[in-house]
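Build the full structure now, drawing on both the sequences and the hints.
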Amino acid sequence: MQLLRTFYDLIRKLDNFLGMAAMAFIVLLACANVFMRYVMGSPWGWVEEVTVFIFVWLTMLGASAVIHVEGHCSIDVMVLRMSPRWRRITSIVSDLIVLVTLALLIWFGIILTIKGQTKLTPILGLPYSYIDASIPVCCSFMFMYYGRMFWNSLRGKGNTTELDVQEESQQ
Amino acid sequence: MSVLLAFIVMLALFGINVPVAFAICAATFVYFFAAQDMSAVMVIQRMIGGADNLPLLAIPFFMMLGSILNYTGMTQRLLILADTLSGHLRGGLAQTNVVLGALIGGPSGAGLADAAMICKVLVPEMTKAGYSRPFAAALTSASALLGPILPPGIGLIIYGFVSDTSIGKLFMGGLGPGILCTLALMVAVDWVARKRGYKPTRTKMAGIGEIAKASVGAFWGLMLMVLILGGIRYGIFTPTEAGAVTCIYCLIIGFAYRECTWADVKSALAESARANGSIMLILMASAGFAWILTWEGVATDVTEMLMGVSASPVVFLLIVNVLLIVVGMFLDGNAAIVVLTPLLMPTVRTLGIDPVHFGIMMIFNLSIGAITPPFGTTMFLTCNLTKVKVDEYMREIAPFYVAFGLTLMVTTFYPPLSLVLANWMPV
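Protein chains in written order, with my numbering: chain V, 1 to 171; chain C, 1 to 427.
It is worth saying that the hints were derived from the structure and are not from the lab.
All figures in this text were calculated on a predicted structure; none of them were measured in a lab.
A hint or two may mislead.
[Said to hold, decoys possible] Heads up, simulated EDC-like pairs for lysine to aspartate or glutamate below, C-alpha to C-alpha not over 16 Å straight-line:
1) C:389 with V:76
2) V:119 with C:52
3) C:204 with C:83
4) C:387 with C:125
5) V:119 with V:49
6) C:213 with C:83
[Stated by the list, open to error] Covered stretches of chain C, going by a simulated chain V footprint (3 or more residues, C-beta under 8 Å):
7) 45-51
8) 59-67
Ideal Cβ placement from N, Cα and C applies to all residues, glycine included.
Below you can see the structure in the form of structure tokens.
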């Protein structure tokens, strides 16, 4: 259990850190290319491919990091009007749906990643697998986070998109 | 038939609080398993296809710009300027709210983030000064609506990308309607303030000296818009790169004024990475869903249906106005742009409507939908942050709807308002 928790925290930190790094990297790279084009007169051709590549990863990493802080946006107006009992049932059902969707994304994502090995990007000749892999990898992170939330709500700890808040209140 | 099934599944999942992005994905999968022989790998491929595009990089850049503006104290300086400019008017703080919405909303470009920021900064002060809380909440969501219309807006970027319209032109095109909308909101605020006796914050108009001083303080913040639009106009950078360049520009100024630290930069990075993730995941999911509609040829049906009703652009625009506001009430604005633009574009082209003009109108409509019950996202955010009940909010927002309605009509039926400036952009 302790090992599991350490692993969980490690993944969380990793995905947060990589997201920040990716963000900083594309901002700097885009600026560098403006400089190269406007001042030096010869932009780097490969920048486009690399930034787009990082962008897809940034999106998926951010999409998993957001679960811990703001949570993904959802429409809770109906749920708020339900009785606590029904609210709990719908939260279990909706978490299950999210988990199944994520499982499908991971599964078909892996297939696409394997297929993508032979498709190469036009300038650098990188296999598309490197981009495609962002979906199964980050969806696995998300699966883990939502899995834990689902487990918590099954045990009757209340559904928690705000894991940090809950952890603090437990301490 | 199966498209309808997917739609129903999606709405049902929205209803039971499944996050929007996953609800759209799940609906796409349902369609694939129910009606397609093709492997569902296609879904993932379309999702990636929706994200690996250069123009969309502007989204993380402008999200980052929004966070940096707050961390570098530029927001604060702009607030002071907004107060000097409008404090002497009837309903001083409320007018400041609108002016700040316009000053900030321009550069940051995301309605939700602006609403959150104004909620934190101005709503507490407004309540202290005797404004009713629901009024403050309604006004905040109304002035946050200026963000997506005034350049640069994320909605404009997404529309430009999906419909293959020049993003630079869209940015310029948003300026006219955005300014008109700001003025209309100020008139609406004045009307409410007169009725309720909301006082000005200062006794008389700020002197030239004071305005000059506040403008100097906010100078770098004001230059942002000039930098963005000018840089794009003269081809120094693309609209996408404009976001990255202005981020660095703000950071340099923030560090020069010693208003931001490395810790702030780190939080801004993490914040914008998350915000981008949440927006883009919905967009990627919508790209998958939009593919179904293309595959099933829904666009042709929609075109035929719309042309069947009437071949006059006026009637078409009226129908679309109503349709988009309703859609905006239920669906995330960016997702709606990705799904609906390909469906409507053929008709727009056939009727000879300028895509720039249409885009501005579309963003305007969807943003109005976002502040409208029952499902408007901006409305939820402001109500949650200010602890106001939706019913109270609804009563207070009525005068602003009048302002929006009038601006929308002018924007819709007087194209030069958006097109004169748009055509000044060469690309």
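Hint by hint, here is what the structure shows:
1. C:389 with V:76: holds (14 Å)
2. V:119 with C:52: Distance of about 15 Å is within 16 Å: holds.
3. C:204 with C:83: Judged against 16 Å, a Cα distance of about 12 Å means the pair holds.
4. C:387 with C:125: holds (15 Å)
5. V:119 with V:49: holds (14 Å)
6. C:213 with C:83: holds (12 Å)
7. 45-51: Coverage by chain V holds here, the residue count being 4 at a Cβ distance below 8 Å.
8. 59-67: holds (count 3)
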